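Participant: Residue numbers (numbering that gives the first Met the number 0), protein chains in the order written: chain F, 0 to 335; chain D, 0 to 335; chain E, 0 to 373; chain B, 0 to 373.
None of these hints come from the bench; they were simulated from the model. Given the structure is predicted, the values throughout are model-derived calculations rather than measurements. We treat Cβ as the ideally placed atom computed from N, Cα and C, and that holds for glycine.
A partial selection of chain E residues facing chain F, derived with a Cβ cut-off under 8 Å:
(1) T138
(2) L148
(3) D179
(4) E182
(5) Y345
What the simulated footprint calls covered on chain F by chain E, stretch by stretch (three residues with Cβ under 8 Å from a Cβ of chain E suffice, anywhere in the stretch; the number is not a length):
(6) 55-64
(7) 83-95
(8) 159-166
List of simulated lysine-lysine pairs, PhoX-like, C-alpha gap at most 25 Å:
(9) K281(F) x K281(D)
(10) K281(F) x K254(F)
(11) K113(B) x K304(F)
(12) K113(E) x K304(D)
(13) K254(F) x K281(D)
(14) K307(F) x K179(F)
(15) K281(D) x K254(D)
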Amino acid sequence: MTQLTMGKALGAGLRRAMADDDRVIVMGEDVGKLGGVFRITDGLQTEFGAMRVIDTPLAESGIMGTAVGLAFRGYRPVVEIQFDGFVYPAFDQIVCQVAKLHYRTRGNVTMPITIRIPWAGGVGAAEHHSESPEAYFVHTSGLRVVAVSNPQDAYVMLRQAIACDDPVVFFEPKRLYHSKGEVDLDGDIADAAPMGVARVVREGSDVTLLTYGAQVSTALDAALAAEDDGISIEVVDLRSISPVDYTTVTASVRKTGRVVVTHEAAREAGVGAELIASITEKCFHYLESAPVRVTGHDIPYPPAKLEKHHLPDLDRILDAVDRVLDRPNSLSGVQL
Amino acid sequence: MTQLTMGKALGAGLRRAMADDDRVIVMGEDVGKLGGVFRITDGLQTEFGAMRVIDTPLAESGIMGTAVGLAFRGYRPVVEIQFDGFVYPAFDQIVCQVAKLHYRTRGNVTMPITIRIPWAGGVGAAEHHSESPEAYFVHTSGLRVVAVSNPQDAYVMLRQAIACDDPVVFFEPKRLYHSKGEVDLDGDIADAAPMGVARVVREGSDVTLLTYGAQVSTALDAALAAEDDGISIEVVDLRSISPVDYTTVTASVRKTGRVVVTHEAAREAGVGAELIASITEKCFHYLESAPVRVTGHDIPYPPAKLEKHHLPDLDRILDAVDRVLDRPNSLSGVQL
Amino acid sequence: MTHTLNPSVETSTDLDDLARLLTPDGRRISDRQLDPWIEDLDREALRGLYRDMALLRRLDAEGVALQRQGQLGLWAPAQGQEAVQIGTARACRADDFLFPSYRELGVQLVRGAKPADFILAWRGEMHSTYNPYELNTATPQIIIGAQTLHAVGYAMGVQRDGTDQVAVAYFGDGATSQGDVNEAMVFASSFRSPVVFVCSNNQWAISEPVTVQAKYPIAGRAPGFGIPSLRVDGNDVLACLAAMRWALDHARTGKGPVFIEAVTYRMGPHTTSDDPTRYRSADEVEAWRRKDPLTRLEALLRSQDAFDDAFAADVQADADRFTAGMREAALTAVTRPAIEVLDDVYAEPHTGLDEQRTRFAAYLSGFEGEGDAS
Amino acid sequence: MTHTLNPSVETSTDLDDLARLLTPDGRRISDRQLDPWIEDLDREALRGLYRDMALLRRLDAEGVALQRQGQLGLWAPAQGQEAVQIGTARACRADDFLFPSYRELGVQLVRGAKPADFILAWRGEMHSTYNPYELNTATPQIIIGAQTLHAVGYAMGVQRDGTDQVAVAYFGDGATSQGDVNEAMVFASSFRSPVVFVCSNNQWAISEPVTVQAKYPIAGRAPGFGIPSLRVDGNDVLACLAAMRWALDHARTGKGPVFIEAVTYRMGPHTTSDDPTRYRSADEVEAWRRKDPLTRLEALLRSQDAFDDAFAADVQADADRFTAGMREAALTAVTRPAIEVLDDVYAEPHTGLDEQRTRFAAYLSGFEGEGDAS
Ligand SMILES: Cc1ncc(C[n+]2csc(CCOP(=O)(O)OP(=O)(O)O)c2C)c(N)n1
Ligand SMILES: Cc1ncc(C[n+]2csc(CCOP(=O)(O)OP(=O)(O)O)c2C)c(N)n1
Ligand SMILES: [Mg+2]
Ligand SMILES: [Mg+2]
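Hey, can you work out the whole structure from these sequences and the hints?
Facilitator: Structural data, given as structure tokens:
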């Protein structure tokens, strides 16, 4: 085991994937000499050359569209979108081409493209640099969507995503790039848990708290705080947000009977909505109270100084926990 | 009252809005001489001239981005996206500009842009011509999203959307363009129900069936069929899918205690997910069974000959009604 | 390019400033730069080009007819564009990879598409028919311009393989306005990728004349991106073939991308759903009919005594066989069972979709025997 | 443009092929076409240009300093680009509408932005500060290239109003690769809209040299779209002013859009988060320092005895006042209360957000007195 930041773990995952398979190509803005604005691809161009680590022109649709062409030719492009808010110019290529080509060609053409997206807020950034666009991709049939929450998953799941014959949108919480953890650099990805599997990161019996990405650590903090109040929270790191591992999720919900979902993205038609709708359907008779969402507000991402009021934090999660437990909470007595 | 097809009603609404306010500009591909591929803008260029009815170059981002500029200059652009599947190249301008500019400028700049989208399937079309992308816009804070289901609403809601100072994504079910209905051409839009209000199109007591767009008539058919079985279905035409009129929706659910939601779009993180999550939260103690979704599958839109297996139809809705009523249905006994 | 305050920008498309080898009345004229590229063309080769074009015209007419008869959902006619489609596609090597748009029926034909391939997609049975890797030709693209980037990416892959295939991006005049097409030129230029852009400027994008997209010859745009371009008579199959051979050679030998604007005309409606009388004059169409690609090649062949009744009958028989195959494919088409709408979404197992399959199968089983839902 | 097999496409940017009025060492040279546009410039006007550029340089340095001190989240330095920003913005009329990118601090300054305007957005207090309609200048755009379409749309609006304002689109060399920028040229050309494109080619897009975006001078791209273009020394404020006046006049008098490529250099890092030593040499930066826009104008002024200690002191005092205002704005900034994150999403009442406001207000009220959550 090696102690690595998530950023370094991602870089190591890329390096390993490139070494294992010479059809793996890294491409994006500034991924070469600079090593990406977050230095995730640092050193890769020196090691693998400019033919495999491509500084592209500044055009996201161009990046995605040429990645499709490379995939047509049998390559496995790993595309870096510089920031979450810059994925939209590539949306058409992602939705109409990347997601649909396998279906369109009845399986003749595969699109093993990994779309890496430095993701979400909490880093005091300028507008468009803190977005949580995952629901757009979750709603897009033909894509797989994962989000990592720790260096070990970052290292393994990135390699699994690259090895997957389907397109994978791979969300990397920017705010965790510098957080450290133990990474097993030698393991085989086939031996690790598949990227589609959720993980119970803390067991509990009163409430199931579902989340993914950087919110996992906030959720763990909340669970710890709740313990003092005698509340036992089970925290599930979804890891894959499309498809969701409902085997793990429903097992937890059937045990606790109470659900809180938290994510940074806006609430309306977000991932939380899907989770609650599916859970309600699958576990209706186990539910003892209405599942509650703790999410970003339905607003454009606010200026940096105000983002702390937008992002779900420990207090808001605990308030929601009180709600699902029918304890006094901020909405007690509020007529909606 | 005048008998009009929905297509003609939309045209009449546009004509009226242009006559009422000379800042209203119609723009898009083929909207001029041709009158649009669906003839919705037929005659408008002859009547209002090429300065107000603009045949644009073939570039959706360009159309949307120049509409933003026109709005900056005080115009009220009504943009036609030729087909649902061609809105994605404009996604960046919609998400990052149209939806965010009012927030970004703290209210100094308004974006009274109406984005008309001929929408959804059931017309035997080629790939990309039958998409239901509404959830993408519902998830995008800063936009309003409406869907019409009959000529009268088409006429009134289009004018309301154009008069609204916020951007409105306006979905027009292609399959209803030729369906007829009575339209009051003289009414004042201020006297009509606001576009944000849902309508109970059929009262019932056993099940609430929520839908919008072309599915409204399928839902009514289902309600009629269910009646023979002694089941009383209340059908709600949401009309506005963002924001949803939860006053109307929750009143119905509290009455019936059982909910089916139906839409053509894919299920995962779709509008139905949001509806069920919100309803569960707002009406948990009234629910007698798990709300059920009847939606398109989580697949790219299939080839025309197979679309009938993708689109929710009467049988699939009735099957879901059986489910929420805990009657025998297709999933009885299926372990999931 | 130097700095200037008064660049000489043309403001109209001069339709006669074209590279050409065959006049509208069928005379072979010389073009110093193009001539060398078709020196090898003998009588049989010329007859082969005619045969292809005639077959394309017939299959196109058959498609329109089948659509009218309710056998197809839609058809996008290629009539008038036979020369550019056949000429450029014939210039390609079998291992070059072509990315056509929905209208490039002739490209698919040359690449080996079978009668059924022209039927099953437009009929709505499947989104695509042939396996792209068997014809080295992508499924025709419907999203305007998107395929140009795929071609560039494919060409970037060829560069990485160190081989000498060329990727070809086909698109229309309207497509040149799309961001994607311009980004494709940027990427191709920056990476000097072996790709040929073939723009069939058929004067119309549905109801919009090319002047809505460009107030100047389209071929003039590529050099600004560092890409050599050529404006060719798109109704002259010899010029199209020669230009494409030059372009492919340029790309194949590491000199980078090339842009060809083939000036042609969409004789028919945009699609069978379109009514072009709403936006263009019969005179315009008539004027273009006099530039027909088939009649001019026929005239050349006749002048060489290479076109006689036997040849005409043979071509006709070929076409009859092909169109009979199309009709047959339409009439015998079997729509796939309902459950298959869920096939091929993912290449690997997917828990979400697998669950939906279980549910849908359970649902469908309720109809068994009814023969309706499958 | 005619058809050609061998277009003369330059494959490198010849940095010396530029319109110029002031040499790097401060000599005024003549350019037949540009000269007439600055005939009116007297001593005071020249000193005014210097004053603006010096102020811009100071405020830029202050921004960097404040960021280092933790007062700002980020800063995108304009150092080196003073001439193009000041020269082009000074050429505009107050009622022209400008669409800058994040780096055009000088444009905002000329348009009347106050010290606080440079602070509050980069500090993260608000996405934008001034009311765009008060300065006739849009909020600086962060999405690369998006604003070019806004400028064209605005110009289309001007055409509909029948008035004579011009819209100006500012963007960088990297932006030229974006689809949006190319679509903006298409629309502007097709509609002959009164818009001026100002591309500040500062040689870098973060770590990517301009050669990744273009293998040829950027100004060469516009003529292909039917748009006259001009390549100007972007470190020469006189040339920038003159070129922009010409361009504005062209657009204002109904002759359509114009494209200006100003060749300049980003002396600093991309932003305060960037480390340019990772990708470019100190020599390159040094070479550009010798082309500094301020020193060359100072040399010209000195040669005209128009630059003395008193003037220098006065400029300095101006800058001191301005930067003091910036510091003041940073130190006195009050973050808005939590509930305001929900303000201004919609222009009209919105039931969904109103409900969220009720909930959030209820939630926040639980912290009242704690002084933390608001
Ligand atoms: C992104 C996108 N926008 C709009 C359309 C609708 N559409 C289909 S064909 C067409 C015109 C295309 O014109 P052109 O590129 O000249 O090709 P042609 O049809 O003339 O062969 C349009 C607007 C589309 N298919 N894709
Ligand atoms: C759509 C989009 N993609 C990527 C970025 C990230 N980004 C910010 S600035 C920049 C480089 C811009 O270069 P250029 O256009 O030359 O302007 P400059 O920074 O040199 O002024 C990039 C890639 C962005 N802001 N928007
Ligand atoms: Mg065309
Ligand atoms: Mg730059």
